[in-house]
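Colleague: The opening residue of the sequence shown carries number 1 in full-length UniProt numbering; numbering runs sequentially from there.
Be aware that one or more of the hints could be misleading.
Lysine to aspartate or glutamate pairs mimicking DMTMM-like chemistry, simulated, CA-CA at most 20 Å apart [said to hold, decoys possible]:
1) LYS105 to ASP139
2) LYS356 to ASP462
3) LYS356 to ASP567
4) LYS105 to GLU297
5) LYS105 to ASP115
6) LYS105 to GLU118
The hints are simulated quantities; they were obtained by calculation from the structure and are not laboratory data. The model shown is predicted, which means the values in this text are computed figures rather than measured ones.
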Amino acid sequence: MTPPSHDLHGLLAQLDPQAALAQRHLWLIDLLHWVRGRGQSAPDAVGRLALLLDAVQARPDVQQRLQTWWQTLTDTVDITPLLADFGFAPRTALLSELAERLRLKILPGSPETIDATELFTLALPEAFDAQWLAALPADLLERLVFVLCGDNGHSTRWQRTLLDAMTYCAGQILSTGFAPELRLRMTPETREAQPFHALIRDVESLRIEVLHSLRTPDRLQETAQRLRERLDACRSAATSVYGHFEDNGISVGLVFRLRQLRARIVRMRELLECVLSPTPALHGARLLGHLVQVAQERRSLRAVFSANSSLLAAKVAERSAETGEHYITRTPTEYRAMLGHAAGGGAVMALTTLAKFALGALALSAFWAGFVAGMNYAISFVLVQLLHFTVATKQPAMTAPAMAAKLKELGSGEAINAFVDEVTHLVRSQVAAVLGNVLVVFPAVLLLTSIWQLWFGTPFLDAHQTQYTLQSLQLLGPSVLYAAFTGVLLFASSMVAGGVENWFVLYRLDSALRYNPRITGLLGQARAARWASFLRTNISGLAANVSLGLMLGLVPVFATFFGLGLDIRHVTLAAGQIAAAGMGLGLLEALQLPAFWWALASLPWLAALNVGVSFYLAFRVALTAQNVSGVERSRIYAAIRARLRTHPLDFFRPRDPGT
């Protein structure tokens with residue numbers, strides 16, 4: 001293969017319209033590389049293109065070869081799929097699109113192709129190409145069209161290509177609009193209006209008006225306006241599906257299909273404007289520039305996933321916000337109730353702590369030890385939920401979305417003060433929950449291990465277990481890092497909870513449990529109704545508790561397998577472990593050991609990191625999901641600092657109603 005030339009004279013000398021397919025396309029790639037230059041200045045690229053046209057027009061033989069080359073290119077490569085379908089998923093599933101984008105990022109393309117989309121990405125691979133295409137003036141574009149096509153009816157051929165692309169695009173819109181999973185979620189009024197039914201007919205009417213010169217301009221404009229209105233109706237029909245999502249859950253796959261549908265409608269509007277434009281060359285260049293930007297986005301895995309999961313994140317955050325409201329105390333009565341619920345949670349976690357040590361004594365293999373530990377945690381958390389108790393560290397990831405939802409209402413001093421009130425309520429609730437858990441789990445474990453020792457005559461933990469427990473919970477060790485990691489797992493469990501509840505609602509499983517003949521025949525109608533009501537109310541909590549328990553047990557095992565050395569530090573469990581270790585040493589002896597006090601000193605840090613990390617991550621997700629932007633955060637921070645100075649105790653105990 002002849003090496004590419006980097007000067008215009010050499011490029012024109014290599015122009016051979018009779019060359020093989022790959023060589024013709026390589027010449028195009030080299031020519032556009034020369035036009036692009038260093039890719040830093042759009043005016044320089046425009047000047048290079050003008051220089052190219054001057055050189056070609058100065059040599060009639062070169063112009064003739066260029067026109068023959070262009071005719072061969074347009075006869076070989078069909079540009080219609082590029083205009084109509086480039087940038088859209090070849091399939092309607094999100095996972096298949098992610099796999100396709102991964103293929104495009106990893107595998108190289110070949111110039112030996114008749115696929116216009118593949119050739120386009122090879123010839124215009126850089127984001128800078130969109131800049132110099134957008135900078136091309138109309139007169140230079142007209143010269144370019146003349147040099148390439150002469151007087152061979154290029155305008156009519158371009159119009160036919162655009163109309164073919166519109167027909168192709170309309171067919172894709174029609175098939176997606178008729179998809180049952182979208183159609184059934186549209187409003188009844190939208191389905192009755194049948195916006196998709198006449199789309200192909202309107203496109204064909206436009207084709208007749210454009211290609212028959214005897215038609216009057218008024219009829220052309222009337223037909224074009226009717227098509228625009230049809231496209232607007234199709235877009236409104238697609239938008240109506242989002243209203244269904246608000247009440248019935250969100251599917252990432254369905255959101256992906258909706259975004260594809262709406263983007264195709266926008267593409268069709270762009271093609272329509274190109275067809276009707278009095279300067280088709282200028283609009284064509286702008287369309288190609290837009291396709292260059294599409295090509296850049298086409299390679300991004302993050303873009304497609306984040307764009308289509310944003311609504312799911314919003315729904316997950318919204319459902320977490322509904323749950324989180326129950327964890328925020330605002331009155332002394334609610335505060336005392338929170339202390340009581342947290343005390344009950346601490347009592348259950350005392351049993352969990354002892355079960356953890358007992359299961360650890362079984363000497364199982366790493367995986368099964370982690371699985372059994374995870375099931376111990378999961379069963380305990382579910383028991384806490386069913387008894388309507390509270391585990392402090394599970395609250396922040398639920399309360400963060402509830403707080404973020406209130407940020408949308410900011411805009412005045414009164415709103416900021418109200419938000420600071422919510423912050424004080426939240427901090428006070430967390431303090432109450434942590435205190436309730438820790439102040440009960442510690443004496444409860446002491447009591448239970450004392451009963452064990454009196455009954456069996458030996459300490460619950462031997463000397464080795466006692467020393468290991470105290471050393472692993474030292475403040476100056478890695479415990480604080482493990483506590484932060486545990487906060488990440490707490491956040492992850494809240495996302496699982498919101499996602500599972502969304503899935504439960506999306507597929508109407510409560511209705512299936514209540515009315516499905518097979519289920520009602522097995523359980524009876526009354527029992528099936530009770531199960532449906534129970535799961536609809538508790539599915540989020542069950543998902544959070546089971547997923548959190550299994551993550552606490554299994555994630556450290558998998559981390560060890562990969563050599564990461566991560567572990568968990570849950571403040572309530574840690575308090576129970578310290579109590580068990582202290583009783584194993586003998587409580588009076590333990591009080592004289594520095595290791596015991598260093599372990600106790602870690603508890604406030606474990607609580608702060610468990611709570612703080614999970615709240616921060618959930619709050620960030622909720623802010624994104626709520627589209628909160630431009631909030632005057634400095635004013636909020638100043639208001640919080642002012643509240644700390646003037647009423648610091650509000651963050652730790654409820655204010656009396658009369659004050």
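Colleague: Which numbered hints does this structure break?
Modeller: Those not satisfied come down to hint 1.
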